[in-house]
Amino acid sequence: MLSSEDYSRPTEKLNLIDQIQRLGIAYHFDREIKDFLEDIYASIRRNGSTEDEDDLHTTALRFRLLRQHGFWISSRVFDKFKGREGNFDASLVNDVRELLSLYEASQWSTQGEDTLDEALSFCFTHLKSMEEKPVIVTHALKQSIHREMLRLEARQYIETYQSIDSHNEVLLSLAKLDFHLTQKLHQREVTEIARWRKDLDFKRQLPFVRDRIACYLWNSGVYFEPEYSLARKFVTKAMAMITAVDDTYDSYGTIEELELFTRAVERWDINAADELPGYMQVCYPALLDVYSGLEDMLAEQGRSYYLYYMKEAMKIMVQLYFQEAKWFNQQYIPTVEEYMEVAVVTLGYQMLIIASLLGMPEITTEDTFQWLLSNPKIVRASGAICRLMDDIASHKFEQERGHVASAVECCMKQYGVTEQEAENELKKQVEDAWKDINEGWLHLTEVPPHVLMRIVNYARAVDVMYKDGDCFTNSQTKLKDVIACLLVDPVPV
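full-length UniProt numbering numbers the first residue of the sequence shown as 1 and each following residue consecutively.
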């Protein structure tokens, strides 16, 4: 496709790659895309520039695509679009396409890149002030390409792309077919998981536990490709069990019962269930069973260590669940820093990321799992985004029903600020965390890109889940349209 004479100029190929990615079919062209971008990057390293250097759209698109694929390119490429006083040229506001391209490129900023911060502010201000906004502008302001769930972006962009007069009919047909086939696979997986949930009988035996299709939606947003079917099903089950355990610690168990459960998980022995109260004897064996379902397969592959790291991550998480329960029992409000050290881990990110690597034996080694279990900066940043956005969206409801202090309450107490001031500060921390994610993506060359992409994609899913409130807890209402377009409604032919 990229070698076609119809896309002979670099600018045309950049636009084609962008379209392929947004249509959700880039995984079919991985090698071609990588080869082309490597050539572009090598040319920049040799010559310091490329053709069409006076075109903001091309400059911004090239910048975004290179960073998106892990190539570090300096943000100084945008300096030529500034005036003498160092501000972006006012004439740029007349071209919506160029503004949008710069806006999307600025989402890939790292700490200290003032030019990209200025670009984001400049573009957001002028795009938002437009009296009659095109649909693409409204959507971009709500959800940038970088922070969108990949499959949701594909579903929405297919319709946008079809409305473009110059669209490539072959690409459009491939995108529709690909979405249709993966949607059918995802539907079968949801059916299998729903059957599993029904057999557990949690709804009757553990009525306090949330039953969320959002668990599957979250994971299909992180890795939608057909070859990761096993990982999606396992991680969705694991995530459902994490939710059950979380609800037990948050809203049901006494401190004495929770201590028993914590010890049982540390033992990881089915016989420990005998020491638990009745309702925990339902949850605990189910938790162990999810993991044991993989035991034989991983042993045959010589990768039993995989299961070890998933169990260790679960044990660490449960220990910190108990720490939160003790805080609540003592009515203790920690500092923001103390809270985040615990609350980021209790999200279960480490375990979910480790488990999401099922089906990728060729690129994951024991060193990779050790690195993930060490809770590196990029994992902490992704977890911080989830924790802070979750707390901002749900803290009022959580406090009303009785819950450990959230980041909002911790911030209010520590700094003596109002609720709104605390939320504003935490939103700034979310933006900083995105910069840390971008930095890790661009500079962690010793970690396989597919592993890093899992971490980035979890943050993207969080942005969708919590941007408009707590959609995870209220998935039947707030996520209704997203669930419908990804798992129910077919792509119009």
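Be aware that a few hints might be false.
For lysine to aspartate or glutamate, the following EDC-like pairs were computed, each having C-alpha atoms within a straight-line distance of at most 16 angstroms [as the list claims (entries may be wrong)]: (1) K80 - E159; (2) K427 - D481; (3) K184 - E132; (4) K396 - E431; (5) K428 - D117; (6) K176 - E225; (7) K80 - D39; (8) K377 - E295; (9) K377 - E446; (10) K326 - D247; (11) K233 - E266; (12) K467 - E446; (13) K326 - D246; (14) K377 - E421; (15) K377 - E300; (16) K311 - E266; (17) K435 - D489; (18) K435 - E189; (19) K82 - E118; (20) K413 - E338; (21) K184 - D489; (22) K176 - E159; (23) K377 - E419; (24) K435 - E225; (25) K142 - D489; (26) K315 - D246; (27) K413 - E337; (28) K467 - D489; (29) K396 - D432; (30) K311 - E295; (31) K142 - E431; (32) K133 - E189.
Hints are computed from structural coordinates only; laboratory data are not their basis. Please read these numbers as outputs of a predicted model, since none were measured by experiment.
Going down the list of hints, with the structure as the test:
Between the alpha carbons of K80 and E159 the distance comes to roughly 35 angstroms, so the proposed pair goes past 16 angstroms and is violated. Restraint check for K427 and D481: the C-alpha separation of about 25 angstroms exceeds 16 angstroms, so the hint is violated. For the hint linking K184 to E132, the alpha-carbon distance of about 38 angstroms lies beyond 16 angstroms, and the restraint is violated. At most 16 angstroms may separate the alpha-carbon atoms for a hinted pair to count; K396 and E431 exceed this at roughly 22 angstroms.
For the given pair, K428 sits about 13 angstroms from D117 by alpha-carbon distance, which is consistent with the 16 angstroms threshold. Restraint check: the Cα-Cα separation between K176 and E225 comes to about 15 angstroms, which is no more than 16 angstroms; the hinted pair holds. With a C-alpha separation of about 23 angstroms, the suggested pairing of K80 with D39 is violated against the 16 angstroms cut-off. Using a Cα cut-off of 16 angstroms, the hinted pair K377 and E295 is violated, with the two alpha carbons roughly 30 angstroms apart.
Distance check on the hinted pair: K377 and E446 sit about 14 angstroms apart at the alpha-carbon level, within 16 angstroms; holds. Under the criterion of a C-alpha separation no larger than 16 angstroms, the hint pairing K326 with D247 is consistent with the structure, at around 15 angstroms. Straight-line distance between C-alpha atoms of K233 and E266 comes to about 25 angstroms, which puts the hinted pair past the 16 angstroms bound. Taking the CA atoms of K467 and E446, the gap is near 32 angstroms; set against the 16 angstroms cutoff, the hint is violated.
For the proposed pair K326 and D246, the alpha carbon gap of about 14 angstroms is at most 16 angstroms, so the pair holds. A threshold of 16 angstroms between alpha carbons decides the hint, and for K377 with E421 the separation of about 26 angstroms lies outside it, so the pair is violated. With a C-alpha separation of about 33 angstroms, the suggested pair K377 and E300 falls outside the 16 angstroms cut-off, and the hint is violated. Restraint check for K311 and E266: satisfied, since their Cα atoms lie roughly 9 angstroms apart, inside the 16 angstroms limit.
Simply put, K435 and D489 have alpha-carbon atoms about 35 angstroms apart, too far for the 16 angstroms limit, and the pair is violated. Restraint check for K435 and E189: not satisfied, since their Cα atoms lie roughly 34 angstroms apart, outside the 16 angstroms limit. In summary, the hint linking K82 to E118 is supported, as the alpha carbons are separated by about 11 angstroms, within the 16 angstroms threshold. Between K413 and E338 the CA atoms are separated by roughly 13 angstroms; this keeps the pair inside 16 angstroms, and the hint holds.
Restraint check for K184 and D489: satisfied, since their Cα atoms lie roughly 11 angstroms apart, inside the 16 angstroms limit. With a C-alpha separation of about 10 angstroms, the suggested pairing of K176 with E159 holds against the 16 angstroms cut-off. Of the pairs offered as hints, the one joining K377 and E419 is violated, with about 28 angstroms between alpha carbons and a cut-off of 16 angstroms exceeded. Straight-line distance between C-alpha atoms of K435 and E225 comes to about 27 angstroms, which puts the hinted pair past the 16 angstroms bound.
With a C-alpha separation of about 23 angstroms, the suggested pairing of K142 with D489 is violated against the 16 angstroms cut-off. Restraint check: the Cα-Cα separation between K315 and D246 comes to about 13 angstroms, which is no more than 16 angstroms; the hinted pair holds. Restraint check: the Cα-Cα separation between K413 and E337 comes to about 13 angstroms, which is no more than 16 angstroms; the hinted pair holds. Restraint check: the Cα-Cα separation between K467 and D489 comes to about 23 angstroms, which exceeds 16 angstroms; the hinted pair is violated.
Under the criterion of a C-alpha separation no larger than 16 angstroms, the hint pairing K396 with D432 is inconsistent with the structure, at around 24 angstroms. For the proposed pair K311 and E295, the alpha carbon gap of about 12 angstroms is at most 16 angstroms, so the pair holds. Proximity of K142 to E431 is assessed by CA-CA distance (about 15 angstroms); at most 16 angstroms being required, the pair is judged to hold. For the given pair, K133 sits about 39 angstroms from E189 by alpha-carbon distance, which is inconsistent with the 16 angstroms threshold.
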